[in-house]
Amino acid sequence: MDSKTTKIIVIVIAVIAIVAVAAFFMTRGNSGGGGGGDEPAAGSYHYDYMSQYTDEFDYWKQTRLAVLGNANNDTTIDSSDVSYIKNIVSKYGEISYKENNKNYATYYLCDANSNGVINNEDAKYVESMINGTAKTVYYEKLLDGIGEYKPAKKTYLVPIHRCYGRAAVLIANASDNIKIVGGDTQHLEDEFKSLIDFTTFVEVGTTSTVSTEKISSLAAKYSDGNVVVMTGGSANYCTDYEDKGTHAQYLRFISWEGDALTGLLTAAYLIDGVGNSDGKDGTAWGKAKEYEDWYMDYIDLIKAEGAKVKEADKLTILMPYLAPQVNGVDIPGGDQGSLTLRGNNTAEQLFIENAGGINLYYEIGEPNSYGRVTYTMELLSNLAKKNILDTVLFMPTFFVKDGTNPGAQAWDADKIEGCEDGIALAFSRYISSDVDLYIKTWRLNGIPMIMDQIAIAKVLLPNNSVIQGLDVEKIWNEYLDLIGASKTSNLRFSNVFIMDEEPFHTV
Amino acid sequence: MKKPNFSRFKSSSFDTTGAGVDDLVHTYQHFRMRKLLFIVIILIVLVVLTGLSVGMGQYEISFERVYECIWNLIIGYDDGSVDMSVVSVQRLPRLIGAIVVGCGLAAAGGAMQSMLKNPLADPYTTGISSGACFGATLAISLGSLIGLGNYGTVVFAFLFALIPAAVILMLAAMKKCSPAMMILAGISVMYIFNALTQYFMLTMSEQDMATAYQWTIGTLIKVTWNNLPMMIAIAAVGSIALFYMAKFLNAMNGGDAFAKTLGIDVQKIRILVLVIVSIVAAGIVSFTGVIGFIGMVAPHICRMFVGSDNRLLIPSAMVLGAALTVFSDIISRAVISVEVPIGVITSLIGGPLFLFLVLRETKEVW
Numbered sequence: 176m177d178s179k180t181t182k183i184i185v186i187v188i189a190v191i192a193i194v195a196v197a198a199f200f201m202t203r204g205n206s207g208g209g210g211g212g213d214e215p216a217a218g219s220y221h222y223d224y225m226s227q228y229t230d231e232f233d234y235w236k237q238t239r240l241a242v243l244g245n246a247n248n249d250t251t252i253d254s255s256d257v258s259y260i261k262n263i264v265s266k267y268g269e270i271s272y273k274e275n276n277k278n279y280a281t282y283y284l285c286d287a288n289s290n291g292v293i294n295n296e297d298a299k300y301v302e303s304m305i306n307g308t309a310k311t312v313y314y315e316k317l318l319d320g321i322g323e324y325k326p327a328k329k330t331y332l333v334p335i336h337r338c339y340g341r342a343a344v345l346i347a348n349a350s351d352n353i354k355i356v357g358g359d360t361q362h363l364e365d366e367f368k369s370l371i372d373f374t375t376f377v378e379v380g381t382t383s384t385v386s387t388e389k390i391s392s393l394a395a396k397y398s399d400g401n402v403v404v405m406t407g408g409s410a411n412y413c414t415d416y417e418d419k420g421t422h423a424q425y426l427r428f429i430s431w432e433g434d435a436l437t438g439l440l441t442a443a444y445l446i447d448g449v450g451n452s453d454g455k456d457g458t459a460w461g462k463a464k465e466y467e468d469w470y471m472d473y474i475d476l477i478k479a480e481g482a483k484v485k486e487a488d489k490l491t492i493l494m495p496y497l498a499p500q501v502n503g504v505d506i507p508g509g510d511q512g513s514l515t516l517r518g519n520n521t522a523e524q525l526f527i528e529n530a531g532g533i534n535l536y537y538e539i540g541e542p543n544s545y546g547r548v549t550y551t552m553e554l555l556s557n558l559a560k561k562n563i564l565d566t567v568l569f570m571p572t573f574f575v576k577d578g579t580n581p582g583a584q585a586w587d588a589d590k591i592e593g594c595e596d597g598i599a600l601a602f603s604r605y606i607s608s609d610v611d612l613y614i615k616t617w618r619l620n621g622i623p624m625i626m627d628q629i630a631i632a633k634v635l636l637p638n639n640s641v642i643q644g645l646d647v648e649k650i651w652n653e654y655l656d657l658i659g660a661s662k663t664s665n666l667r668f669s670n671v672f673i674m675d676e677e678p679f680h681t682v
Numbered sequence: 087m088k089k090p091n092f093s094r095f096k097s098s099s100f101d102t103t104g105a106g107v108d109d110l111v112h113t114y115q116h117f118r119m120r121k122l123l124f125i126v127i128i129l130i131v132l133v134v135l136t137g138l139s140v141g142m143g144q145y146e147i148s149f150e151r152v153y154e155c156i157w158n159l160i161i162g163y164d165d166g167s168v169d170m171s172v173v174s175v176q177r178l179p180r181l182i183g184a185i186v187v188g189c190g191l192a193a194a195g196g197a198m199q200s201m202l203k204n205p206l207a208d209p210y211t212t213g214i215s216s217g218a219c220f221g222a223t224l225a226i227s228l229g230s231l232i233g234l235g236n237y238g239t240v241v242f243a244f245l246f247a248l249i250p251a252a253v254i255l256m257l258a259a260m261k262k263c264s265p266a267m268m269i270l271a272g273i274s275v276m277y278i279f280n281a282l283t284q285y286f287m288l289t290m291s292e293q294d295m296a297t298a299y300q301w302t303i304g305t306l307i308k309v310t311w312n313n314l315p316m317m318i319a320i321a322a323v324g325s326i327a328l329f330y331m332a333k334f335l336n337a338m339n340g341g342d343a344f345a346k347t348l349g350i351d352v353q354k355i356r357i358l359v360l361v362i363v364s365i366v367a368a369g370i371v372s373f374t375g376v377i378g379f380i381g382m383v384a385p386h387i388c389r390m391f392v393g394s395d396n397r398l399l400i401p402s403a404m405v406l407g408a409a410l411t412v413f414s415d416i417i418s419r420a421v422i423s424v425e426v427p428i429g430v431i432t433s434l435i436g437g438p439l440f441l442f443l444v445l446r447e448t449k450e451v452w
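Residue numbers (my numbering), protein chains in the order written: chain A, 176 to 682; chain B, 87 to 452.
If you want the footprint, here are the derived chain B segments under chain A, 3+ residues with CB under 8 Å:
#1 135 to 148
#2 172 to 178
#3 424 to 430
Hint data in this document are derived by calculation from the structure and do not stem from the laboratory. Backbone N, C-alpha and C define an ideal beta-carbon position, used for all residues, glycine too.
Pulled out of the complex, with its shape left as it was, chain A reads as follows:
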């Protein structure tokens, strides 16, 4: 290429680049969202700053009520939070994020007004949240920093995707001022669908196909209250819809994948907890607290029993949930080329720890950015050969009818039950006979998370009479009562929960 050609090319590129960059700088808004000027918008600093000190994937292990003002990190906002803030301020003085003060990262939940400074103004702000006069409440969004929510007397919910639908239905069913008016029912369990009034429900699309105009229509129709889209992180769900002028609010919170309570408690407080710290009956916040009490009773029981297990007696476990066709064995729907284990930042890891077990997924390999480990059956065999693997708890995901949990629990359960022998045979070629193999349905087949926890506890505590005595069917009925679906849902326990009491032993 001669120099003249090079010059022309460079000039053309330069012209385009200059015009494009000029256009960019003339028109770009604040990347953090919120107001203009030199000061960052409330919470816009949060994610970048916090990631220096906290592992974002661990936060839900630490914080269930992810609302700023929950200073003492329990699961309610009350006068103890006011006292906590005052104590912190008196101990450390005013704490500002600008000085990159590690204390801010440690006590960020104290910054109730989300202005980047922890001081006694935050204590007053918590008081306003308690007495119901706070116009805006700040919370920790899923991976997106700090969000704002403006409570209203009436709320119209639009849940997108399964886990948000569960929380939405539980919240809406508990209060006359909250209604589900639209959403995505493709990924919702049958017991929750039985609680929705589909005569006025508007299907808005799912995940990446949510229609902004349909949300705008709902906002125009229900202008007497808040239209609230309940969804996940902006990277994957309704990306930047806050900037689309839909006149709806977007609640982005952790789903039930990480923990059964974090998303529910956070959403319920924002929608119905301001001015209602005690959680009165007939309110969504009250119902969320009731669910929490019921759920934690079982978790605490399992933790207590799990804590009794000596280190040397802890059982090791792997929990694969995707599997290919293995050695020509026809595993219906199992056509994935790789296998994945649950662990790290997922609820299953918590459940295993609660029950005094050891998850061996780290022995297999490094988790990916989402905490999941991809492995092959050969790696599984290696582990079994080393005699350090006690249990495999296989959760067939690709038996589900049309993808992950469309609500066809009965179909899933039927398929899984019919294939257990085939699956056991498939695994038998890779693991020795002294490894216990269990096959069970799990929350992607639609079982409630507490039943997941109990099933794992039964596997890891086989000699514990308290755990073995837990009646899973009774717990299922309690769950239906709690969410208000015992009369509306025709799901039977046998359509939902599949797990043999005795493991499969390979030959």
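Position chain B relative to chain A; hints supplied.
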């Protein structure tokens, strides 16, 4: 001087009497008017589609109210209503984005087809789309690690989209590249990037994979007032540059040897066009993902009506490309009840349309 005797030539083309010349001129003018009429017609179609696009959607709003909102926007008045938000924040940016995408991709596609003398060429022939897909997938996979916030995907997609073009330029610097060689080099790079993209997708979470996949299909939903100026700048400057190159491309239509006899440095022009097309396509695809078929179908249709003169072909392809994209956006947004990525619609429309055109084609337009 004695008048030559042309009586042995019976054809009216050689009739040197006034009537014959008038016929010739009239025929030529008619020929040219037909072409201009085609451009005018598709311009009218574009205007109509524009009006329909801004008035149609899942949100019910009357036509009068739509144009009232547009007028309010022009005069800078915001009444704070949902109607205003829907029109000014949701529909108008998408409409303008659709026009920009259609114009840019069609201009780039027309130039590519002329330069490579290949009816299958489009802006992505050199592997731009695969480079952009890889860049976007990488950005989605790395997430906050790249520290570019919302612009991470755009920047990465743009930079990686240019790599295939850079590879071809380097090849051209090392040896003379024929059009076939350029296409083959582009295909090679495409395979490499596709493999890398698939590897990253395998290691991603399901949600990230869905996001990356959606990006590859192409969507206008991410077009906002903030990123429109950059898209317009890139597409406009690039299209003007390509239009300026039209006469060179016309010469190259006759073959490299013919162009060289006119004093045109064919290699230089080819490289220049490649650079401009790459920047235009990369600039568009980094914001919208891969929207296929527009860059191939629009110039092809226009060539059947206006011929291969790039001075008419490129502008007409731009208008038709814009019309096709706006039409596809109407279908993706307003006709189907959920938000279908526009890339799906352009492929669904473009595929059968292209097949129909290929089967119906009765004259050689190359």
